[in-house]
Amino acid sequence: MRSFGNAKSISIPCRIAQCIQCGKISLFTNYTVVHKRLKVAYDEFIDAVNNPGGASLILLFGPTGVGKTTLLNQVFRVLIEQNQAEMMLDSAHIPVARVEVRSPDSGSFDWKDYYKNVLIALADPFADYKTKAVTSRVYGSGSEQITTKLKLSLADLRADVEHIIKQRQLIVFLIDEAQRFTKIASGRRQKDQMDAIQSMASFTSTRHGLFGTYELLQFRNLSGQLSRRSIDIHFPRYQIEKNEDITDFKRVLKSFSLAMPLSSTPDLEKDWEYFYEL
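Residue numbers for the sequence shown follow numbering that gives the first Met the number 0, so the first one is 0 and each next one is one higher.
Bear in mind the hints are in silico, worked out from the structure with no lab data behind them. There's no promise every hint is true.
[What the hints assert, rightly or not] Simulated crosslink set (EDC-like; lysine to aspartate or glutamate; CA at most 16 Å straight-line): (1) Lys111 / Glu161; (2) Lys249 / Glu276; (3) Lys115 / Glu99; (4) Lys115 / Asp159; (5) Lys111 / Glu99; (6) Lys182 / Asp109; (7) Lys182 / Glu214; (8) Lys241 / Glu272; (9) Lys35 / Asp247; (10) Lys35 / Glu243; (11) Lys111 / Asp155; (12) Lys38 / Asp247; (13) Lys253 / Glu272; (14) Lys253 / Asp266; (15) Lys182 / Asp104; (16) Lys269 / Asp247.
[Unchecked claim] Cβ-Cβ distance ranges computed for the label pairs, FRET-style: (17) Asn50 / Ser263: 45 to 51 Å; (18) Phe202 / Ile239: 40 to 46 Å; (19) Asn50 / Asp191: 27 to 33 Å; (20) Glu268 / Ala91: 46 to 52 Å; (21) Leu257 / Leu88: 38 to 44 Å; (22) Phe274 / Ala91: 41 to 47 Å; (23) Leu257 / Ser198: 46 to 52 Å; (24) Ser105 / Leu257: 45 to 51 Å; (25) Ser263 / Ile239: 25 to 31 Å.
By construction, the Cβ of each residue, glycine as well, lies at the ideal position given by its N, Cα and C atoms.
Between the sequences and the hints, there should be enough to build the whole structure, so can you do that?
Written out as structure tokens, the structure is:
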């Protein structure tokens, strides 16, 4: 036994065991089971990115908590890994970027806030300057010098976003919580929202992947043209009415139980109905 100052005496093997346990807990916290539904949705999304067939938007939708953000993170990670060589050759190239649409504080979607987050996601070094509400310009010199304040133009900001998307040579731009684009009172303005996204995707020749709830379908259905220019991917829950789904769900629970940092493996499968309801 060895003492460290005034701290409680703890043996070296015990400390090592604690560190190992902390590491196991950290690993389990970040543990993801690549289950059937996740893999099917992932494969469909990657196929849509590589073979868009003229579509500029890829809509991946499903219920809350099904794992859409987990899937988005996996797509992001894989595309970065697959394009490491190109990124080494061209420091400006980013194959994929992601942004989460923020829920508007005012109850109405804020394009300025969205564009700022896109610029940051694309590592624009001047993102803060470009998105200031008011900027100053100095004209003349000496006693003739005049400082003029210029209001931010949303059109200019959009042009900046389109420019850097082209500069980064994006393969796909991933948008999480995309149903928040619908936070507009008017149905006509909702259509304008979707038109703006589709227009940016077409103008920059960059697929946009929208991840969100079933509200995305209502959003898309506002325009027949958008329906034709988008690919739909459904990421559903496991269905309790289907024996095959129950079996797959139990396999997921088994994988989680084996990964738990416990001295003995718990039997989660026997309580599968409880976990299904969570």
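Results for each hint:
1. Lys111 / Glu161: With a Cα-Cα distance of about 14 Å, the restraint between lysine 111 and glutamate 161 holds, given a limit of 16 Å.
2. Lys249 / Glu276: holds (13 Å)
3. Lys115 / Glu99: holds (12 Å)
4. Lys115 / Asp159: Judged against 16 Å, a Cα distance of about 10 Å means the pair holds.
5. Lys111 / Glu99: Holds, at about 14 Å.
6. Lys182 / Asp109: holds (9 Å)
7. Lys182 / Glu214: holds (10 Å)
8. Lys241 / Glu272: holds (13 Å)
9. Lys35 / Asp247: holds (7 Å)
10. Lys35 / Glu243: Judged against 16 Å, a Cα distance of about 11 Å means the pair holds.
11. Lys111 / Asp155: holds (11 Å)
12. Lys38 / Asp247: Judged against 16 Å, a Cα distance of about 12 Å means the pair holds.
13. Lys253 / Glu272: Holds, at about 14 Å.
14. Lys253 / Asp266: Satisfied, since the Cα-Cα distance of roughly 8 Å is no more than 16 Å.
15. Lys182 / Asp104: Holds: lysine 182 and aspartate 104 sit about 10 Å apart, inside 16 Å.
16. Lys269 / Asp247: holds (14 Å)
17. Asn50 / Ser263: 45 to 51 Å: Since asparagine 50 and serine 263 have Cβ atoms about 47 Å apart, the given range 45 to 51 Å holds.
18. Phe202 / Ile239: 40 to 46 Å: holds (45 Å)
19. Asn50 / Asp191: 27 to 33 Å: With a Cβ separation near 29 Å, asparagine 50 and aspartate 191 satisfy 27 to 33 Å, so the hint holds.
20. Glu268 / Ala91: 46 to 52 Å: Because 50 Å falls inside the window, the suggested range holds.
21. Leu257 / Leu88: 38 to 44 Å: holds (41 Å)
22. Phe274 / Ala91: 41 to 47 Å: This hint holds: roughly 46 Å between Cβ atoms.
23. Leu257 / Ser198: 46 to 52 Å: The hinted range 46 to 52 Å holds for leucine 257 and serine 198, with Cβ atoms some 48 Å apart.
24. Ser105 / Leu257: 45 to 51 Å: The hinted range 45 to 51 Å holds for serine 105 and leucine 257, with Cβ atoms some 47 Å apart.
25. Ser263 / Ile239: 25 to 31 Å: Holds, since serine 263 and isoleucine 239 (Cβ atoms, about 29 Å apart) stay within the stated range.
The structure meets every hint from the earlier list without exception.
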